[in-house]
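Q: Now for the letters of each chain:
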Amino acid sequence: MPGAPAAGEMLQQLINAIVFGSVLTLFALGLSLAWGTLDVLNLAHGAVFIFAGYLTYELTRQGALSFVPALIVSMVGAGAATVALEVLAFRFIRTRFANKRQAELSMLVASIGGAIIIDQVVSNETGATTFGPPSSIFKVREYHLTGSAGITNIQILIVVVAVLAAVGLDQWVRRSRQGRAVRAVAYDPVTSGLLGVNVSFVAISTMFVAGALAGLAGVLLAVNLRAEEVAVGQDYLLTAFAILIVGGVGSVRGAVLAAYLIAIAETAVVAYGPTQWRDGIAFLLILLVLLVRPQGLFAKAQFQRA
Amino acid sequence: MQTIASISSWYANNETLIQEILIYALLAFSIQVALRSGIFSLAGVGFYAIGSYAAGLLVKEQAWPTALAVIAAVLLCALLGWALSVLLVRLRDLYLALATVAFDLMVGVVALNWSSLTGGPLGTVGIPISVTTLTIFITVLGAAAMLALMQRGTIGRTLVAVREDEQLARSLSVNVRRYRELAFVISSMLGALAGAYHALLFTDIQATDAGFELIVLALTMVVIGGFGSWTGALLGAILLTWIPIELTSIGQWWDAVYGAMMIVVATFIPGGLISLVTIAGRASRGRARPSLLRRGSAAAAPPASSSGA
Numbered sequence: 001m002p003g004a005p006a007a008g009e010m011l012q013q014l015i016n017a018i019v020f021g022s023v024l025t026l027f028a029l030g031l032s033l034a035w036g037t038l039d040v041l042n043l044a045h046g047a048v049f050i051f052a053g054y055l056t057y058e059l060t061r062q063g064a065l066s067f068v069p070a071l072i073v074s075m076v077g078a079g080a081a082t083v084a085l086e087v088l089a090f091r092f093i094r095t096r097f098a099n100k101r102q103a104e105l106s107m108l109v110a111s112i113g114g115a116i117i118i119d120q121v122v123s124n125e126t127g128a129t130t131f132g133p134p135s136s137i138f139k140v141r142e143y144h145l146t147g148s149a150g151i152t153n154i155q156i157l158i159v160v161v162a163v164l165a166a167v168g169l170d171q172w173v174r175r176s177r178q179g180r181a182v183r184a185v186a187y188d189p190v191t192s193g194l195l196g197v198n199v200s201f202v203a204i205s206t207m208f209v210a211g212a213l214a215g216l217a218g219v220l221l222a223v224n225l226r227a228e229e230v231a232v233g234q235d236y237l238l239t240a241f242a243i244l245i246v247g248g249v250g251s252v253r254g255a256v257l258a259a260y261l262i263a264i265a266e267t268a269v270v271a272y273g274p275t276q277w278r279d280g281i282a283f284l285l286i287l288l289v290l291l292v293r294p295q296g297l298f299a300k301a302q303f304q305r306a
Numbered sequence: 001m002q003t004i005a006s007i008s009s010w011y012a013n014n015e016t017l018i019q020e021i022l023i024y025a026l027l028a029f030s031i032q033v034a035l036r037s038g039i040f041s042l043a044g045v046g047f048y049a050i051g052s053y054a055a056g057l058l059v060k061e062q063a064w065p066t067a068l069a070v071i072a073a074v075l076l077c078a079l080l081g082w083a084l085s086v087l088l089v090r091l092r093d094l095y096l097a098l099a100t101v102a103f104d105l106m107v108g109v110v111a112l113n114w115s116s117l118t119g120g121p122l123g124t125v126g127i128p129i130s131v132t133t134l135t136i137f138i139t140v141l142g143a144a145a146m147l148a149l150m151q152r153g154t155i156g157r158t159l160v161a162v163r164e165d166e167q168l169a170r171s172l173s174v175n176v177r178r179y180r181e182l183a184f185v186i187s188s189m190l191g192a193l194a195g196a197y198h199a200l201l202f203t204d205i206q207a208t209d210a211g212f213e214l215i216v217l218a219l220t221m222v223v224i225g226g227f228g229s230w231t232g233a234l235l236g237a238i239l240l241t242w243i244p245i246e247l248t249s250i251g252q253w254w255d256a257v258y259g260a261m262m263i264v265v266a267t268f269i270p271g272g273l274i275s276l277v278t279i280a281g282r283a284s285r286g287r288a289r290p291s292l293l294r295r296g297s298a299a300a301a302p303p304a305s306s307s308g309a
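Chains as they are written, first to last, in the numbering used here: chain F, 1 to 306; chain E, 1 to 309.
Quick caveat, the hints were computed from the structure, so don't treat them as lab data.
You may find that some hints are simply not true.
Simulated restraints on C-beta separations [unchecked claim]:
#1 134/E <-> 291/F: 41 to 49 Å
#2 124/F <-> 246/E: 52 to 60 Å
#3 137/E <-> 271/F: 47 to 55 Å
#4 100/F <-> 156/E: 19 to 27 Å
#5 129/F <-> 89/E: 45 to 53 Å
Part of the chain F face toward chain E, derived, beta carbon under 8 Å [stated by the list, open to error]:
#6 93
#7 104
#8 116
#9 276
The C-beta atom is built at its ideal place from N, Cα and C for all residues, glycine as well.
Just need the whole structure built from these sequences, with the hints factored in.
A: This is the structure in structure tokens:
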């Protein structure tokens, strides 16, 4: 059967793409939530993502905590770091700057400042090399499928968690009282404030959820790869830009679809195509989608924010 | 004689720093001229890359005279910048920013893969040093003069109108599209100049030179310095080139201090650091000329209410 190894190889690539897409989904959901509701393009999102992986590494390497408590503490830490930026910078910018465009600019620069600080903390504490939690905290088991293909339990966990998080976030924003407040603030912060929505609380809780989602992605990636470094955060950030643009800013379902689409495209290019063009896919998609359909491929209604 | 000697030795010690500041000033001008016109474009960094390859390769491979190569690079980028502005005409704000970031990074990816032209991952090396610091200094002066002129008179006020309220500007028969294209093209040309000089002064180009870090640096310079005026961009270029060098002396946490300064300035000084200089200057002149028009609505409010009472 000469076709079997090739089929197994393809299946393996597909599994890799789906796992990669799941991490991307978790990463992009938080970024999309913050931009869609609060008009914050948080450039510290990639740094927070790595920061959570670092926290798990720090908490587990001496065997202080096991996997689940470390995951929870790291997610809270990532959420807290994002909330710190909201409380120290974004909140003031939002209330003091009348001009929306200038507010966007200042938030961008403030979040770059935040990213620099977080990156510095992580690289100083890790000696600026790759780091990862010990293999003992999560017993990796591989299940063999057809041919050479296999899937590990951590990979299955990543996919399941990503799907659950996406469905949960979608339902939270659509159905819950808090989610309705988030959508109201996204539509019109001043009026929703007048109608009794606690805007600053909504902003803080939204940023916390966004940061915690980045943290979840960061910890799962750290446990899966067991080798992370500061520079990885930026790669994810740039790919996430493409996910937001392709999926439509603020759209949970769009972000999920776009994340898997881009993951499959990038994996296919690395496996079969001109490998060096991999990064180009995301940038080309951003340009093409913005030219042809600025509201995103999967957004139903045109949602003009400009 | 002593002073001249000490100045020249100071210059010799800091020549590279000064050259970097001058080149970054051109790049910062490129971003500032767009932002001031209400165009959130970071395409200047992509044209920095294209300009550096164009000028560097023309001098190295085709043995063109420096001036001609620089002019060709700048004109090429003016044309490409105009084409890009036409393509991106519908986009505003963060969407335009992301589209131009994608353009910049795409230029890098193309440069990395177009090995026959750019040398790919090895880069373009061995470009003859063909500009002097003085040439660049004069160019920066010229660019500053041009930007100063663009901030004044009819064109300056029209650009402000286009930035503040496009609809209103259009209703006053301002050709908004034309003005946005003008700002975009000038931004592209300034970016190309910065890149061309960098290639011709530092002799090599890497495909990763104009990456996300350079975009972030250029944006930071302009916002920290103040994007309302070319003086802010210049101040930002000076400070953000010089401060990191000073901060390295305080040890391994210098980056964190730098990040904290960025947060503080972006959050609490909306007009950028140059606005502090302006305020200090006004205070020292003892508010000799209180100009209602200049001070804007917020500052003009108290006198208006007192006269009404």
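Q: Hint by hint, say whether it matches the structure.
A: Status of the hints after comparison with the structure:
1. At roughly 43 Å, the beta carbons of residue 134/E and residue 291/F sit within the given window of 41 to 49 Å.
2. The hinted range of 52 to 60 Å is not satisfied by residue 124/F and residue 246/E, whose Cβ atoms lie roughly 19 Å apart.
3. Between residue 137/E and residue 271/F, the C-beta spacing of about 51 Å keeps the proposed range 47 to 55 Å intact.
4. At roughly 23 Å, the beta carbons of residue 100/F and residue 156/E sit within the given window of 19 to 27 Å.
5. Checking the proposed 45 to 53 Å range against residue 129/F and residue 89/E shows it holds: the Cβ atoms sit about 46 Å from each other.
6. Interface restraint check for residue 93/F: the shortest CB-CB distance to chain E comes to about 6 Å, inside 8 Å, so the restraint holds.
7. At about 6 Å, the closest approach between the beta carbon of residue 104/F and any beta carbon in chain E falls short of 8 Å, and the interface hint on this residue holds.
8. Given the 8 Å rule on beta carbons, the hint for residue 116/F holds: about 3 Å separates it from the nearest Cβ of chain E.
9. Interface restraint check for residue 276/F: the shortest CB-CB distance to chain E comes to about 5 Å, inside 8 Å, so the restraint holds.
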